[in-house]
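Undergrad: Chains as they are written, first to last, in the working numbering: chain Z, 1 to 240; chain E, 1 to 194.
The set of hints was computed from the structure by calculation and includes no laboratory data.
Using N, Cα and C, we set each Cβ at its ideal position, and we do this for glycine too.
Misleading hints may appear alongside valid ones.
[As the list claims (entries may be wrong)] Part of the chain Z face toward chain E, derived, beta carbon under 8 Å: (1) SER36; (2) LEU44; (3) GLY61.
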Amino acid sequence: MATIRSIGTAPDLASRYLDDQLTPQERDAFEAKLISDPEVVQELERVARLKVGLAKLAESGELEALVHRPASETRRPAWAWAASIALVILAVGLWRTETDVTRAPMLAASLKALPVAASIASGSIERYTMLRTRSVDYDAIVIARPTAPIAELRILPGDTAHGPSFRATVYRLTADSEKAVARAEGLVADDSGYLTAYLDTSKLSPGPYAFVIESSIPDDGSPIRERFLIKVARAADAGR
Amino acid sequence: MSLHAANRLLSPECQKLERELAQQYAGLRLLLTRRCGGNRELAADILQSAILTAWEKWQGGQIAQPELIAGYVFQTAINLLRNQVRSAAQRLNRSLEPAALDELPRDADDADSAVERDLAARVRSMLESIDNERDRVALKRFYLDEDDKHTICTDLGLSAVQFDKVLHRARGRLRALFEAKGFGPRDLFSFALL
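I would like the entire structure built from these sequences, with the hints used as guidance.
TA: See the structure below:
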């Protein structure tokens with residue numbers, strides 16, 4: 001009889017057994033374990049549940065989207081959400097200690113809601129479309145120009161069908177933390193599915209930021225959360 | 001013995017064992033049903049026949065401990081299924097692969113549908129927790145499409161060790177999901193106390 005590695009070191013055996021893909025020798029060895037080790041039955045049961053669950057997801061049409069979704073659409077496990085909530089609480093605490101820099105709106109769902117808009121010409125707005133491009137370091141590089149301190153950010157969420165309205169938050173990223181510096185509520189997708197937000201770049205230090213949009217799924221309340229990485233650069237530094 | 005005959009021969013103890021197996025090993029029972037083209041009656045007959053065989057071994061002292069009975073049941077059931085699939089393929093004069101059987105129309109059953117939806121939700125959570133698309137593709141191709149490991153590794157640029165790690169991590173996450181939400185396996189002892 002062929003020897004068989006332990007289930008722990010041969011994670012494919014249970015699935016291949018269920019799929020009738022083992023050689024007769026492998027099958028004999030696996031069945032010898034199956035009738036002598038209750039853990040092998042449990043392993044078989046877990047794999048069967050996985051197969052049934054995958055088949056059900058495929059039948060419902062969900063599976064392809066789950067398998068091929070962009071990396072940043074990952075729903076976080078509970079501990080990660082807890083960590084995120086803790087970070088948000090920390091950020092809110094820090095935010096409340098900030099000066100006028102963050103108390104005045106820096107991010108808004110409409111141009112009119114941004115105070116700096118009143119003092120600039122209508123043509124001096126930089127426009128950016130944020131697409132998730134993991135092949136480069138940032139999804140967008142925002143140039144902060146003194147003559148054009150407003151950036152119009154257009155974002156295409158992965159799915160706007162589940163949420164009529166989104167919230168956007170800008171986080172300043174440092175080596176060991178991230179700090180919320182601006183937030184806007186009520187972003188609504190236009191006919192082409194894009195959300196638009198307006199950012200006052202004059203109050204942002206150059207460096208990396210995260211731009212996070214969040215919504216809720218009406219069915220179960222789970223949030224949709226997408227995160228884009230942006231870099232703010234001064235006009236003179238843009239090419240560096 | 002015909003499979004239908006097995007049903008009539010089940011003693012109360014066997015029927016209790018059948019109920020416990022159906023509850024604790026819902027994944028295997030549902031997979032069996034899918035592999036029978038959704039024919040729940042045929043799947044139930046296969047399972048009952050396997051239970052009867054295992055029960056006779058237990059009564060005859062060929063199974064030393066009650067916790068080993070489930071292994072005998074599923075060994076027998078899967079072998080009966082294999083024979084069923086092969087004879088069906090012969091009757092149809094074509095290859096009838098398990099994956100093809102999965103796609104045949106299935107009987108509706110609310111209780112089974114609810115369990116399948118629950119399993120799908122847990123698998124969805126597992127997939128959502130995996131950041132690497134390549135890993136998710138590997139899992140789908142291996143567990144659902146039944147592609148062989150070598151082909152998947154070649155297509156996705158994975159080594160055999162990397163592939164095993166992908167499977168190992170996914171199963172670990174799934175195990176935690178099943179057991180954390182009260183869907184974990186229990187021991188099959190209570191029927192033996194009758």
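Undergrad: The structure should be examined with respect to each hint, and the outcome stated for every one.
TA: So, going through the hints one by one against the coordinates:
no. : hint  : verdict
1   : SER36 : holds, 7 Å
2   : LEU44 : holds, 6 Å
3   : GLY61 : violated, 12 Å
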